[in-house]
Amino acid sequence: MRRVRVPVVLALAAAAVIYAQVVSSYWLHIAIVSMIYGILAASWALLAGYAGQFSFGHMAFASLGGYTSALLVQWTHLPIPLGMASGTVVCAVLGSLIGWVCLRMRGPYLAIFTLAFAEIVRIILLTEYAVTNGPAGLRVPHLLGTPAKLPYYYIALGLLAVCLVTMSALAHSRWGFFFRAIREDEEAAAASGVHVVRAKMYAFAAASSFAGLAGAFYAHYIGILTPELGSPDQMGLVVAMAILGGIESLPAAVGGAAGVETLQEALRSAGAWRFVLFGVLLLVTMRFFRNGLLQPAWQRLMHAGASEGKVT
Amino acid sequence: MDYALVQAANGLVLGIIFAVIAVGLTLVFAVLKIVNFAHGELYMMGGYFAYYAIELLGLSPFPALAAAIAASFLLAALLERTLLTPLYSETTERKAEYGILITFGLSVALRNLALIVFGPFPLRPPSFVAGVQQWGPLILTNDRLVAGGVGLLVLMAVVYIMSRTAAGHALDAVSQSRESAAIVGIDPRLAYTLGFGLGGALAGAAGALMGPIFSLSPSMGILPDTQAFVIVILGGMGSVPGSIVAGILIGLLESLFTAFFPDPTRALSYSNAFGVLILMVILILRPTGLLGRRHMQME
Amino acid sequence: MRTGARVIGAPGISLRRISGVIIGTSLVVLLLAGFIVTPGGSTWALGAAVPIKLGWVGPLSPPGDYAQGEILKNAGIMATEEINARGGVLGRPVEVVYEDTSGRPEQGTAAMERLLTQQRVVAVFGEYHSSVALAEIELAHIAGIPWVGVDVWANKITGLGYPEVFRVAPTNALIMTQIGGWLVAAGFKNVAILQEKTDSGINARQTLEPILSAKGIKYDVVETDLNTTDFTAQILRFKSQTPPYDMLLTLFSGSAAYTVVSQASSLGFAPTARTAIYNWGGPALDPTFWKNVREAGIGLASENVGLPKVKWNAKTNAFVETFHKRYGFDPTPQAMENYDAEWLIVDGIQRAGTTSSRALIAALEKTTWVGTRGKYAFSKSHEPDWAFHQFMDAPVHIIQYDQMNQSPLDAPVVWPRSLATVDYVYKPRP
Numbered sequence: 001m002r003r004v005r006v007p008v009v010l011a012l013a014a015a016a017v018i019y020a021q022v023v024s025s026y027w028l029h030i031a032i033v034s035m036i037y038g039i040l041a042a043s044w045a046l047l048a049g050y051a052g053q054f055s056f057g058h059m060a061f062a063s064l065g066g067y068t069s070a071l072l073v074q075w076t077h078l079p080i081p082l083g084m085a086s087g088t089v090v091c092a093v094l095g096s097l098i099g100w101v102c103l104r105m106r107g108p109y110l111a112i113f114t115l116a117f118a119e120i121v122r123i124i125l126l127t128e129y130a131v132t133n134g135p136a137g138l139r140v141p142h143l144l145g146t147p148a149k150l151p152y153y154y155i156a157l158g159l160l161a162v163c164l165v166t167m168s169a170l171a172h173s174r175w176g177f178f179f180r181a182i183r184e185d186e187e188a189a190a191a192s193g194v195h196v197v198r199a200k201m202y203a204f205a206a207a208s209s210f211a212g213l214a215g216a217f218y219a220h221y222i223g224i225l226t227p228e229l230g231s232p233d234q235m236g237l238v239v240a241m242a243i244l245g246g247i248e249s250l251p252a253a254v255g256g257a258a259g260v261e262t263l264q265e266a267l268r269s270a271g272a273w274r275f276v277l278f279g280v281l282l283l284v285t286m287r288f289f290r291n292g293l294l295q296p297a298w299q300r301l302m303h304a305g306a307s308e309g310k311v312t
Numbered sequence: 001m002d003y004a005l006v007q008a009a010n011g012l013v014l015g016i017i018f019a020v021i022a023v024g025l026t027l028v029f030a031v032l033k034i035v036n037f038a039h040g041e042l043y044m045m046g047g048y049f050a051y052y053a054i055e056l057l058g059l060s061p062f063p064a065l066a067a068a069i070a071a072s073f074l075l076a077a078l079l080e081r082t083l084l085t086p087l088y089s090e091t092t093e094r095k096a097e098y099g100i101l102i103t104f105g106l107s108v109a110l111r112n113l114a115l116i117v118f119g120p121f122p123l124r125p126p127s128f129v130a131g132v133q134q135w136g137p138l139i140l141t142n143d144r145l146v147a148g149g150v151g152l153l154v155l156m157a158v159v160y161i162m163s164r165t166a167a168g169h170a171l172d173a174v175s176q177s178r179e180s181a182a183i184v185g186i187d188p189r190l191a192y193t194l195g196f197g198l199g200g201a202l203a204g205a206a207g208a209l210m211g212p213i214f215s216l217s218p219s220m221g222i223l224p225d226t227q228a229f230v231i232v233i234l235g236g237m238g239s240v241p242g243s244i245v246a247g248i249l250i251g252l253l254e255s256l257f258t259a260f261f262p263d264p265t266r267a268l269s270y271s272n273a274f275g276v277l278i279l280m281v282i283l284i285l286r287p288t289g290l291l292g293r294r295h296m297q298m299e
Numbered sequence: 001m002r003t004g005a006r007v008i009g010a011p012g013i014s015l016r017r018i019s020g021v022i023i024g025t026s027l028v029v030l031l032l033a034g035f036i037v038t039p040g041g042s043t044w045a046l047g048a049a050v051p052i053k054l055g056w057v058g059p060l061s062p063p064g065d066y067a068q069g070e071i072l073k074n075a076g077i078m079a080t081e082e083i084n085a086r087g088g089v090l091g092r093p094v095e096v097v098y099e100d101t102s103g104r105p106e107q108g109t110a111a112m113e114r115l116l117t118q119q120r121v122v123a124v125f126g127e128y129h130s131s132v133a134l135a136e137i138e139l140a141h142i143a144g145i146p147w148v149g150v151d152v153w154a155n156k157i158t159g160l161g162y163p164e165v166f167r168v169a170p171t172n173a174l175i176m177t178q179i180g181g182w183l184v185a186a187g188f189k190n191v192a193i194l195q196e197k198t199d200s201g202i203n204a205r206q207t208l209e210p211i212l213s214a215k216g217i218k219y220d221v222v223e224t225d226l227n228t229t230d231f232t233a234q235i236l237r238f239k240s241q242t243p244p245y246d247m248l249l250t251l252f253s254g255s256a257a258y259t260v261v262s263q264a265s266s267l268g269f270a271p272t273a274r275t276a277i278y279n280w281g282g283p284a285l286d287p288t289f290w291k292n293v294r295e296a297g298i299g300l301a302s303e304n305v306g307l308p309k310v311k312w313n314a315k316t317n318a319f320v321e322t323f324h325k326r327y328g329f330d331p332t333p334q335a336m337e338n339y340d341a342e343w344l345i346v347d348g349i350q351r352a353g354t355t356s357s358r359a360l361i362a363a364l365e366k367t368t369w370v371g372t373r374g375k376y377a378f379s380k381s382h383e384p385d386w387a388f389h390q391f392m393d394a395p396v397h398i399i400q401y402d403q404m405n406q407s408p409l410d411a412p413v414v415w416p417r418s419l420a421t422v423d424y425v426y427k428p429r430p
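Chains as they are written, first to last, in the UniProt record's numbering: chain V, 1 to 312; chain R, 1 to 299; chain X, 1 to 430.
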């Protein structure tokens, strides 16, 4: 965040507040969901774009965060924010475990492994319905006692801001440098003194805990949780968001999430065509605009062409 | 014990089909050095190609199977030409990641396009040969026998092509080293198209063979895709014989797992998880697969 | 980090970067335009010709069963046209806003949100998935807007006792009572249950179990994941059981039922002289059933939640004829449910003389309308809990196919006996 332009940030904050005042509660709902997916897309971008770890298990962590929080609240009557915190912690621990286990797996092996992990999580959540209520969905108590959207909107905005700031700080810390070093060349990084084991575990722990937090907030906002949250299609959606926005810039990934979610709503009447559109959009972006659609614009905005290149 | 025998026979047929799918995946990996996450969708397309060859062109099932294999080859070659060419460009960095994301996007697009074009209702092409065969306690439908038999022939053909023909030697040379292959006069571009097309044709053949047994649906590719990953990891990425052995092994193991899982009410639910679990354990122990060859590493 | 050279595969051509900026900017503009152009509520417009808006919810895209959703929607479109051809209601035309839920509870919540706050609909009807319905009725309850369930069978939906919630479909309790009665009458004693692991499958099985136990019928349950395609191992396991099962009861509301039926038949398990087969959940009545199972479907029994042909009234006849002419296949009972639900709401508005929610709910409680599925009335009793606002006389009868490619409307009715068209309760396959 060293070079962040204060006016840009202020303008964005002002836009968010104005938006909240003028739109109907329905568009507030879309904004809240967008911000949740924004956290998911940005944390996936942190893992995939920065650290080069292409995990397809990200949504499984969102799912785990949600179920952990919901079940803890249900069993122990823990206050909901504490439940969400426990969901986050559980995901951080499991995430670092996965990071450790995947230590020596490269590229496609890691992708396949995490895909397998996500499948197992989903199958267990589906099958053990005595605990999880299976596909019918687990009823989750709402975070707030009010059905009003505005308080949720500001909480989501706050969460998104906190997550983005934390992730940016991490990305620009020594560890962020290590992440990129590993991405570029793992052996060289290890040779030049990067602690590869720890860096990978940190990357997974951080990304997974953000996913868990987002999943837990989602559960306590929507009020129902199904194993479908961790399905490959949902994972595909988050990947599409991050890629369309730009996988190497966290705010661009958030923008991608907002864009996809809004398009999804605007094209409701198109039914199944929406998914084809996202798939094709993903292909075209990957093929021709590998920086994503929003990332270049965002960088212009923040740095006005300063090509020494700091991602916010 | 009769039951175990019947299950083993059934698992063997499924294993052969799994092997056909997995060999396609492993071939693509060997030649192009990417994991094709859209492989299951090519399997699905093969099934629909056969169905429409029968329904619209009026072909009988066996010629339709051949047509489906040809169509799958062309589709895969076309996809390779349009989407995968950046993989061969010197300026492209981190090709493995590009390969993962582009094929992942392709799988989402193809699956959902199929939903619209072919419709959500499942379709079942007519049987290759109607009826069943029974030997004592052992019952196999003719369609399964055909799938197993043709599957075996296809596998033998692949082994033959890879070991005895010029095209196979060219593919093998490119898979070992692109540069040295180019030096001896093999055009790598042609090898890539051929390799990806052949992979697609194998997936399509499996889809067309399984159509009358499982019915066709746009999401039919998801499960074989996961299974193919398990097999390829087990058999070693890029190894054709490894995939054949591993495919048959997984088919047998999964059938026996369903048969002998202690809690029968959950056996079917967890039989999918079973293969996936094997895969995770293998990857933890051997991060490059069981028989992974060193030179198969990403560049 | 450098943005040009190190990004995956980017050749770092500035032209490409510029076009990226252009695309990015235009996407943002497009999004903003999307916000502005979205249809607002209709509160500003007052006047006689302003349509009365009804909301419809249901699966129109995967992972929902959107083939079913489409059939429901088609029946709804017919109802709207007929209502408006008659001059609408209260002198205003009726407009139905269709919302896709993808069969996901979360999307159901979003769809209701949109219908209630954006479209300001007078009432909501539809839905095919019980799990989604359960999420939706929470919002209907908070908003106080009537919600009429079309083809959702879980007892809990009306069991929650929300005054806004009505249901035209039978509940699982009603359906399973019929199935239980039929099983006893047909003399089945040892039942293998193969069940899809979905909310409706689980609910069906949980409702069925006490009924089977009460009637002294032995049973075993096996659950399967929805994307299972090979049931061979399980069917063979059933087949090797001693004493042998005399009934394979499949609880599948989706197209996986086709695979089960095909494989059970080709493996020589059911339907055979020894073992019968039953499908709960509706797919056996779908237009694609025969295409997928072919001769394996002969002898299969299933429930039909429409009126049997002998009881058809003028409306049923007209609806079946028009639907068949328009869409090329016989309507499913679910289509009739959706058609009737829309008409019921319009009838309620007519009698209430207003679109106010409270008046409409009160009017719906006094419904005596005759539709394609008989004369509707909603119970006000809370005993048992699911009875509240339930169409208690919802038709349920059991058919057994005796020919290939038979329309469910022409299949012999075997249960209840008062409606049976044949002298047997169950005919084993020779």
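Heads up, a few of these hints could be off.
Said to hold, decoys possible - What follows is a set of in silico ranges between Cβ atoms, one per label pair, in the way DEER data are often shown:
hint : chain 1 : residue 1 : chain 2 : residue 2 : range
1    : V       : Ala190    : R       : Gln133    : 50 to 60 angstroms
2    : R       : His169    : X       : Ser407    : 51 to 61 angstroms
3    : V       : Gln74     : X       : Leu160    : 10 to 20 angstroms
4    : R       : Pro241    : V       : Ala188    : 45 to 55 angstroms
5    : X       : Pro93     : V       : Val22     : 23 to 33 angstroms
Just so you know, the hints here were simulated from the structure itself, not pulled from any lab data.
Glycine included, every Cβ here is placed at the ideal spot set by N, Cα and C.
Hint check results:
1. In this structure the hint that Ala190(V) and Gln133(R) lie 50 to 60 angstroms apart at CB holds, the actual value being about 58 angstroms.
2. Evaluation of the 51 to 61 angstroms hint for His169(R) and Ser407(X) yields a pass: the beta carbon distance comes to about 59 angstroms.
3. With their beta carbons about 18 angstroms apart, Gln74(V) and Leu160(X) fall inside the hinted range of 10 to 20 angstroms.
4. Under the hint 45 to 55 angstroms, the C-beta atoms of Pro241(R) and Ala188(V), about 35 angstroms apart, miss the expected range.
5. For the pair Pro93(X) and Val22(V), the beta carbons lie near 31 angstroms from each other, so the given range of 23 to 33 angstroms is met.
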